[in-house]
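Protein chains: 2
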Amino acid sequence: MRPVKVGLLGLGTVGTGVVRIVEGHQEDLQTQVGSPIMIEKVLVQNKSKSRNISISPDKLTEDPWEIIRHPEIDVIVEVMGGIEHTKEYILEALSLGKHVVTANKDLMALHGAEILAKAQEHRCDVLYEASVAGGIPIIRTLVEGFSSDRITKIMGIVNGTTNYILTKMSQEGASYADVLKEAQELGYAEADPTSDVEGLDAARKMTILSTLGFRSNVALEDVSAQGISSVSKEDILYAKRLGYELKLLGIAERQDDQISVSVQPTMVKKSHPIASVNGVFNAVYVYGEAVGETMFYGAGAGELPTATSIVADLVAVVKNLKLGVNGKQGAVAYKEKKLKTDEQISSKYFLLLHVADRAGVLARITQVFADFEVSLESVLQQPNPSNPEAEIIIITHDASKAAIQKVLGEFKSLDVVHKVKSVYRVEG
Amino acid sequence: MRPVKVGLLGLGTVGTGVVRIVEGHQEDLQTQVGSPIMIEKVLVQNKSKSRNISISPDKLTEDPWEIIRHPEIDVIVEVMGGIEHTKEYILEALSLGKHVVTANKDLMALHGAEILAKAQEHRCDVLYEASVAGGIPIIRTLVEGFSSDRITKIMGIVNGTTNYILTKMSQEGASYADVLKEAQELGYAEADPTSDVEGLDAARKMTILSTLGFRSNVALEDVSAQGISSVSKEDILYAKRLGYELKLLGIAERQDDQISVSVQPTMVKKSHPIASVNGVFNAVYVYGEAVGETMFYGAGAGELPTATSIVADLVAVVKNLKLGVNGKQGAVAYKEKKLKTDEQISSKYFLLLHVADRAGVLARITQVFADFEVSLESVLQQPNPSNPEAEIIIITHDASKAAIQKVLGEFKSLDVVHKVKSVYRVEG
Chain X
309 MRPVKVGLLG LGTVGTGVVR IVEGHQEDLQ TQVGSPIMIE KVLVQNKSKS
359 RNISISPDKL TEDPWEIIRH PEIDVIVEVM GGIEHTKEYI LEALSLGKHV
409 VTANKDLMAL HGAEILAKAQ EHRCDVLYEA SVAGGIPIIR TLVEGFSSDR
459 ITKIMGIVNG TTNYILTKMS QEGASYADVL KEAQELGYAE ADPTSDVEGL
509 DAARKMTILS TLGFRSNVAL EDVSAQGISS VSKEDILYAK RLGYELKLLG
559 IAERQDDQIS VSVQPTMVKK SHPIASVNGV FNAVYVYGEA VGETMFYGAG
609 AGELPTATSI VADLVAVVKN LKLGVNGKQG AVAYKEKKLK TDEQISSKYF
659 LLLHVADRAG VLARITQVFA DFEVSLESVL QQPNPSNPEA EIIIITHDAS
709 KAAIQKVLGE FKSLDVVHKV KSVYRVEG
Chain L
309 MRPVKVGLLG LGTVGTGVVR IVEGHQEDLQ TQVGSPIMIE KVLVQNKSKS
359 RNISISPDKL TEDPWEIIRH PEIDVIVEVM GGIEHTKEYI LEALSLGKHV
409 VTANKDLMAL HGAEILAKAQ EHRCDVLYEA SVAGGIPIIR TLVEGFSSDR
459 ITKIMGIVNG TTNYILTKMS QEGASYADVL KEAQELGYAE ADPTSDVEGL
509 DAARKMTILS TLGFRSNVAL EDVSAQGISS VSKEDILYAK RLGYELKLLG
559 IAERQDDQIS VSVQPTMVKK SHPIASVNGV FNAVYVYGEA VGETMFYGAG
609 AGELPTATSI VADLVAVVKN LKLGVNGKQG AVAYKEKKLK TDEQISSKYF
659 LLLHVADRAG VLARITQVFA DFEVSLESVL QQPNPSNPEA EIIIITHDAS
709 KAAIQKVLGE FKSLDVVHKV KSVYRVEG
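In the order they appear, the protein sequences are chains X and L.
Start counting the first sequence at 309; every next residue gets the next number (our numbering).
Start counting the second sequence at 309; every next residue gets the next number (our numbering).
Same shape as in the complex, but just chain X (with noise of 0.2 Å):
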């Protein structure tokens, strides 16, 4: 069989790990899909920047057309990111034939649903693996390993550098702004850390997660996301002191067909397998109506994690090349999307308050919850040591988001509410 020719949009630290695993592993990779695969040609910004990777300055190119367009090039392995541009060239190569790999969460989460479809339409494979968790398969597994299976809940730690920034939160007592600093030194955050810490790329990734694990196109509107950004040692300190650590967590559910996707700083009982995963590790926990309890950790990010999906990618569609079935994995998402209502989604709830410390305080405050039907699994009241008033800590029983924001709201009125200082979801 004649060498399958690469079209590589994009020669940053991934793209640079693709050329090393591709040509370090040429011999392996041919041996399982039986012929050679070549990087035939790079899309880079600058032809004459040096690289630490050796590469033939005649496969580089700054036009991206003379890829996309190339008459010998089969796939196309896109890991510039960037949404509009990235598009156009990903539609304008699948209605040439091309099939496409790519590690393009922000695409694959605002326009998958469009390449699929286009992807079909031509007969062209969209593999997506390295878009969500890195190295870790999570893509292959929710859509083949439980095939057969009923996923009711994803809970995914898929941003590293949001779980870096807890881990030395709760490990080293230190501040959000100092931790920020120094990740950012490290080159775990971006100097513009937004999306990261907003959690606006955790929503983007499980956009893809619950719209392959639930078969429904789940849109990124649909994700509600809150970040870390205001998250303070103490209540890291009030986490650990409940037997909790604070995770920033995607959490899919499912219940009778009706879904709800979110993002938000978690607390999660000690006990759960995703409450040890640290530091920039990424860790996708999914609950099956028949298989149970299952993790699935890893990299999340990083040259060679990343590539490591890619290339996998890469041999599955050269493998389907081969058997010439590409562009025929079927559709992935062909239940009707029914969201669930803040009526109707619930899970358990931690507030920390800050209240005037004088009789009757606790009762007022407990009543309110009764008046929403809000039950409480534990109350806690002590004295704020930095001010001349009492702090609350409550957990409460399964509660639906929307008692808990009238609940909220009624304390905005109570004077002796001082502040409402946290409130997080609480797993496992």
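Treat the hints with care, since some could be wrong.
No distinction is drawn between identical chains; accordingly, a pair holds when it is met within one copy or between any pair of copies.
Claimed, not checked - With a straight-line cut-off of 25 Å between C-alpha atoms, the simulated SDA-like cross-links for lysine to any residue are:
#, residue 1, residue 2
1, K630, E429
2, K643, Q340
3, K720, S540
4, K313, K636
5, K627, V451
6, K720, S524
7, K461, G610
8, K461, N586
9, K727, P344
10, K636, H726
11, K577, V588
12, K627, I391
13, K578, N354
14, K489, G668
Hints were generated in silico from the structure; no laboratory data involved.
Please build the complex by placing chain L on the supplied structure of chain X, with the hints as guidance.
Chain L in isolation, oriented as in the chain X frame:
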């Protein structure tokens, strides 16, 4: 497309789970594969036995050949267990062009190469995800998810019975005999627990995992196996005190294409992700040169978790049927097998010795290690509370298996060493 017809060999726990999932998820499965999946015939030992599942009596048969040679059956699902007869049925089914899904680790560990060759010859699929770690899709992960990587280490807790026993011993300070008895009463351990507690079951699973991970035909006799029946509660107490958990680990390692595979009770540092896998849960930790550390966690056994994997394999076979590409998954084991010698197998070791309590003993003992060039990471001597002798606990640096055996041989002729109480491999 006409319905795909399945012949089920066995209607025990797992077989019942397969019927439940195929019937309960029929609509979902049909949407995914494009045709109904029907269980046509089921082999049972006694047709008139009462069952906790409703199945038409016409479908039951006590004659395996009625299923194997049934002209309309496309796929055989084998969940009856056993080796010699089962192999005969499967080979005959393959030679008649029927595809096979099996949960039979014993059969695949002993005769996998022969069965896969027969399948290749007749262009049939043989899938066996359920044979290792129940509901965890670890075979798919090794073969497809990590197709682009070079796996260098696989460590597995792949036997739920022994993990349950060790967890209980660790958490409750109970003795092996007491916990085994309890596990037998709860149905977690067989009346004859030999295969589980002596590490044979785990060795079979490691044969399968290492063959796939290292792409070489590892045979069961290549796997050295040691079980947990001589683990004492003191061993576990010492492990915990030193910051370790004692786990029955299957360990497969590769270095410069030389491999070793073993099963043994192992002291695992508490910070290692596999150390906190408790109870009947299974987990497989995989280290790849590119992807780094990963771990896959879930239920290792049970009706529905195991059936999940079987039906996911069935979905894959039916998709291949639809595409006309069965039997083309390619060779999984194309590398020549080179086993490490005992001189090349290296790890850290824990030793607990009972020695004479007099001057110069420690010097003589540590001299033995020095003679065989084993260097020591830590040494602790303390009085033995129950005897007028001393206990010495040693953790070595990396040492070859051969060197440790020489050290142990030398201790036999050393009168100051009363007893080598325990020797364990150390990881993490």
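Outcome of the hint check:
no.: 1; hint: K630 to E429; result: both (20 Å within a copy, 19 Å between copies)
no.: 2; hint: K643 to Q340; result: between (35 Å within a copy, 11 Å between copies)
no.: 3; hint: K720 to S540; result: within (21 Å within a copy, 60 Å between copies)
no.: 4; hint: K313 to K636; result: both (21 Å within a copy, 22 Å between copies)
no.: 5; hint: K627 to V451; result: both (18 Å within a copy, 13 Å between copies)
no.: 6; hint: K720 to S524; result: neither (38 Å within a copy, 67 Å between copies)
no.: 7; hint: K461 to G610; result: between (27 Å within a copy, 20 Å between copies)
no.: 8; hint: K461 to N586; result: both (21 Å within a copy, 21 Å between copies)
no.: 9; hint: K727 to P344; result: neither (65 Å within a copy, 59 Å between copies)
no.: 10; hint: K636 to H726; result: neither (60 Å within a copy, 68 Å between copies)
no.: 11; hint: K577 to V588; result: both (20 Å within a copy, 20 Å between copies)
no.: 12; hint: K627 to I391; result: neither (28 Å within a copy, 33 Å between copies)
no.: 13; hint: K578 to N354; result: neither (49 Å within a copy, 48 Å between copies)
no.: 14; hint: K489 to G668; result: neither (44 Å within a copy, 55 Å between copies)
Of the hints listed earlier, those the structure fails to meet are numbers 6, 9, 10, 12, 13, 14, in rising order.
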